[in-house]
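Student: Residue-level listing of the chains:
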Amino acid sequence: MKNFLVFVHKELLHIIRDPKSLMIMILLPLIEILLFGFVLRFEINSANIAVYDIAKQELSTQLIHRLEGGKRFKITVANSMPEAENLLIAGKVKAVLCIGEDFEQKAREGRESSLQLLLDASDPNIASTIETYISATLADFWADSIVSAPAPLLKVEPLLYYNPLLKSVYVTIPGLISVVLMLICALMTSISLTRENETGTMKVLLISPLKPLQIIIGKLVPYLMVSMVNVGIILTLAFTVFQMPLAGSLIMLILVSLLYSLCALALGFLISTRAKTQQLAMMISLAGLMLPTTMLSGMIYPIKNMPLWLQGITMFMPARWFVNILKHIMLKASPFSAYADDVAILLLMTATLTLLSLKSFKIRFK
Amino acid sequence: MQPFISATNISKRYGTTQALDNVSFEVGKDEIVGFIGADGAGKSTLFEIMTTLLIPDAGEGYINGMSIDRDYQKIRSCIGFMPGRFSLYQDLSVEENLRFYANIFGSSIQENYAMIEGIYTLLKPFGKRKAGALSGGMKQKLALCCALIHKPLALFLDEPTTGVDAVSRTEFWDNLIQIRDSGIPIVVSTPYMDEALRCDRVAMIHEGKIMDMDTPKEIIKAYKGCLLGIFTGERYLAKAIVYRLAGIESVYTFGDSVHINLPTCHPQIMKQIADSLKQGLSAEFQLRELNPSFEDCFLQLMGQAANER
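Quick mapping for you: the protein sequence lines, in order, are chains A and B.
By the count of the numbering used here, the first sequence reaches residue 366 at its end, each step adding exactly one.
By the count of the numbering used here, the second sequence reaches residue 309 at its end, each step adding exactly one.
Think of the hints as simulated: they come from the structure by calculation, not from any bench.
Treat each hint with caution, since some may be false.
Here are the in silico distance ranges between beta carbons for each label pair [as the list claims (entries may be wrong)]:
| # | chain 1 | residue 1 | chain 2 | residue 2 | range |
| --- | --- | --- | --- | --- | --- |
| 1 | B | Ile177 | A | Lys276 | 48 to 54 Å |
| 2 | B | Gly136 | A | Ala344 | 51 to 57 Å |
| 3 | A | Leu280 | B | Gly280 | 38 to 44 Å |
| 4 | A | Glu198 | B | Leu281 | 51 to 57 Å |
| 5 | B | Lys209 | A | Met290 | 35 to 41 Å |
| 6 | B | Ala58 | A | Lys276 | 23 to 29 Å |
| 7 | B | Leu281 | A | Phe365 | 51 to 57 Å |
| 8 | A | Lys276 | B | Gly136 | 47 to 53 Å |
| 9 | B | Tyr252 | A | Ser21 | 31 to 37 Å |
| 10 | A | Ile254 | B | Thr170 | 23 to 29 Å |
| 11 | B | Leu237 | A | Phe365 | 21 to 27 Å |
| 12 | A | Lys211 | B | Ser24 | 55 to 61 Å |
| 13 | B | Gly132 | A | Ala287 | 50 to 56 Å |
All C-beta atoms in this analysis are idealised placements derived from N, C-alpha and C, irrespective of residue type, glycine included.
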C-alpha cells in the first residue's frame with residue numbers, strides 16, 4: 001500500500017511539473033464545450049418565412065402579427081403565389097405560409113379552415129422544426145382568438161415534458177459533456193504508459209516490487225483528480241452559460257460524472273497498453289473515439305432511428321448510458337432506480353476495461 | 001558452492017538476427033564481471049534477459065537460486081538494474097528520483113544511506129535540481145544511486161559509463177569497487193577496453209557469443225604470438241607496407257602507432273619488416289616488441305572469430 005501511494009505521488013508530480021499539458025487538459029474541454037454548445041443547435045432563431053395572405057382580413061392579419069411576435073420568424077410578405085415560391089426556391093425563405101381567401105369566414109362558421117404551408121425540406125431538421133413551431137403558434141392563436149370556434153372533432157394536443165420549450169441545449173449539452181469527458185480522460189491516460197516506454201523508465205519500473213494492478217490504478221487515480229476539475233468546469237458551464245436545469249441531485253450528478261470519467265480513463269489506459277508510441281496513442285484516443293462517441297451516444301442522432309446492428313454497437317458506448325443518466329438527473333429528477341441499470345453498466349464497463357488493461361499490460365519486453 | 005549468478009546456454013533471436021548464441025557464464029558473490037563488446041554484440045539483450053525483462057528463446061538463468069523465468073517477481077524486487085539509456089524521471093529532482101526508487105522497494109533514503117554515501121555526497125548539492133538538467137556523469141551517478149538505494153542482492157549495469165568523461169568514469173569505477181567490497185556482486189557491460197582491467201573477470205562478447213571469459217591478466221597472458229609496434233608519423237603508409245608482407249597475421253593502427261601480430265618475433269622477420277619500412281617511409285620510425293594490451297587481446301579474439309566463420 002505504501003509503495004502504491006508513493007507511485008501516485010510520483011504521477012501527481014509528473015502532472016504538476018508539466019503545466020502546459022495540464023492547461024491543455026483543463027482548457028480543451030472548456031473551449032470544446034463553449035464552441036459546440038453555441039454551434040450545435042437545432043432550434044430556430046429568426047427563420048425567414050414568406051406569407052402570402054390572400055384573405056387580408058382581420059383574423060389573418062392577427063395571425064401574421066402573432067407569428068411575427070415571437071422571435072422565431074422574420075416574415076416577408078409576398079403578394080402572389082409565384083412570388084412566394086420564388087423566394088422559397090431562391091432559398092431566401094425556409095417556408096411559405098399561404099392563408100386562403102375563406103380563412104376567416106370558415107373559421108367563424110366553425111368549419112374546418114385550412115392553411116397551406118410549403119417547407120424547404122432540403123434541411124429536414126429545420127423544416128420539421130418550423131412546422132412544429134407554426135403548428136404550435138396556430139394552436140395558441142386559435143385558443144386565444146376572439147373567434148368562438150367549436151371544438152374540432154379530433155383534437156391532437158401534444159404535451160412536451162421535460163423540455164417544453166424544445167430547447168436543443170437540453171439535448172446537446174448532456175451529449176457534449178459525455179463526448180468531451182470521454183476524449184479528455186482517454187487522452188490523459190493513453191499516453192501514460194507509452195511515455196514511460198519511450199523514456200525507458202518502464203524498464204526500471206518493471207524491475208521493482210510494484211504489481212501491474214498497482215501501476216494501473218496508480219496511474220488512474222491522479223488523472224481522476226484532474227477529471228474532477230474538468231467535471232467541475234463542464235458542469236458550471238452547463239448551468240451558467242447554457243442554463244441547463246438541475247432537477248435532480250447535484251451530488252449524484254458529480255458522482256456519476258466521476259464514474260464515467262473513470263471509465264474513460266480506463267479506456268485510455270487500455271489504449272496505452274497497446275499503442276507503441278505516444279503519438280499513436282493520442283491519435284487513437286482523439287480521432288478514434290471522437291466519431292463513435294459523437295455519433296453513437298444518441299447525442300445527435302436518436303438511437304431508435306438507427307439500424308438494429310448499429311443500435312447493438314451503441315450498447316458498447318459508455319457515452320450512451322451516461323447521456324441517459326444525465327437526462328434523468330438534469331431534466332427529470334428521476335429516482336435512482338430509474339437509472340440504476342445505466343450506472344451498473346458503466347461500473348461493469350470500467351471494471352472490464354481495467355481487467356483488459358491488466359491482461360494486456362506487458363510485464364516483459366519483446 | 002553454487003555461483004551467485006549463473007546463465008546456461010542462453011539464446012535469443014530477433015527475426016533473422018541471432019542476438020545471443022548459447023551464452024553461459026557464472027558470477028560469484030564477490031565479483032565484478034564485465035561484458036566487453038562492440039555495439040550490437042548482444043550485451044543489452046543479455047542484461048535484459050538476466051533482469052527478467054526478456055524471455056530467452058532457450059537456456060536458463062539463476063540469481064541466488066531464483067530462476068529468471070519462474071521467479072521473476074522475486075528477482076525484480078531484490079536486484080538493481082541500470083539500463084543502457086538514462087532511465088530516470090527527468091522532470092523529477094535528484095532527491096525525488098532517489099526517494100521514489102527507495103520507497104517503491106519499501107525502503108527509505110535514510111535506511112540505506114550508507115550504501116550510496118560515497119557517491120551521493122557529490123550529488124547532494126544538486127538535490128533539488130531536475131534529473132534532466134544534470135551532466136552526463138552526474139546522471140549516471142544518480143542512476144547508480146537509484147539502483148543501489150534499496151540494497152539489492154546484485155547489480156546489473158548496462159553500459160553505465162557510456163558518454164561519460166574520463167575523470168567521471170574513473171570515479172564511477174572506484175564506486176563500483178566499493179560496492180563489490182560491501183558484498184554486492186556486479187555485472188557490468190562496457191564498450192571501453194580500459195575499464196575491463198578494473199573488472200575481476202571479463203567476458204568478451206562478439207556477435208552474441210562469449211569468445212573468452214577470464215581475469216584480465218589471464219586474457220592478456222593468453223595472447224597468441226608476439227606483438228610489434230611501429231612508431232611513426234606515417235601510420236597509414238606503414239600499415240600499407242607491412243600489410244603486403246607475407247606471414248603477417250594482422251596489422252592495425254593503434255593510437256599513435258601501428259601494431260603487428262606475428263606468430264613469433266624472430267629477429268629475421270623483424271629485420272625484413274624494418275627494411276621494407278626503411279624503403280617505403282620517408283620519415284624516421286621505431287620498431288620494437290610490445291606487451292599486448294587488453295585491447296590487442298580483444299582484437300585478436302575478434303579476428304579469430306571472423307576467420308572461423
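Student: Against this structure, judge whether each hint is valid.
Tutor: Results of checking the hints against the structure:
no., hint, verdict
1, B:Ile177 - A:Lys276: 48 to 54 Å, "40 Å, violated"
2, B:Gly136 - A:Ala344: 51 to 57 Å, "55 Å, holds"
3, A:Leu280 - B:Gly280: 38 to 44 Å, "60 Å, violated"
4, A:Glu198 - B:Leu281: 51 to 57 Å, "53 Å, holds"
5, B:Lys209 - A:Met290: 35 to 41 Å, "52 Å, violated"
6, B:Ala58 - A:Lys276: 23 to 29 Å, "27 Å, holds"
7, B:Leu281 - A:Phe365: 51 to 57 Å, "53 Å, holds"
8, A:Lys276 - B:Gly136: 47 to 53 Å, "28 Å, violated"
9, B:Tyr252 - A:Ser21: 31 to 37 Å, "52 Å, violated"
10, A:Ile254 - B:Thr170: 23 to 29 Å, "60 Å, violated"
11, B:Leu237 - A:Phe365: 21 to 27 Å, "49 Å, violated"
12, A:Lys211 - B:Ser24: 55 to 61 Å, "32 Å, violated"
13, B:Gly132 - A:Ala287: 50 to 56 Å, "31 Å, violated"
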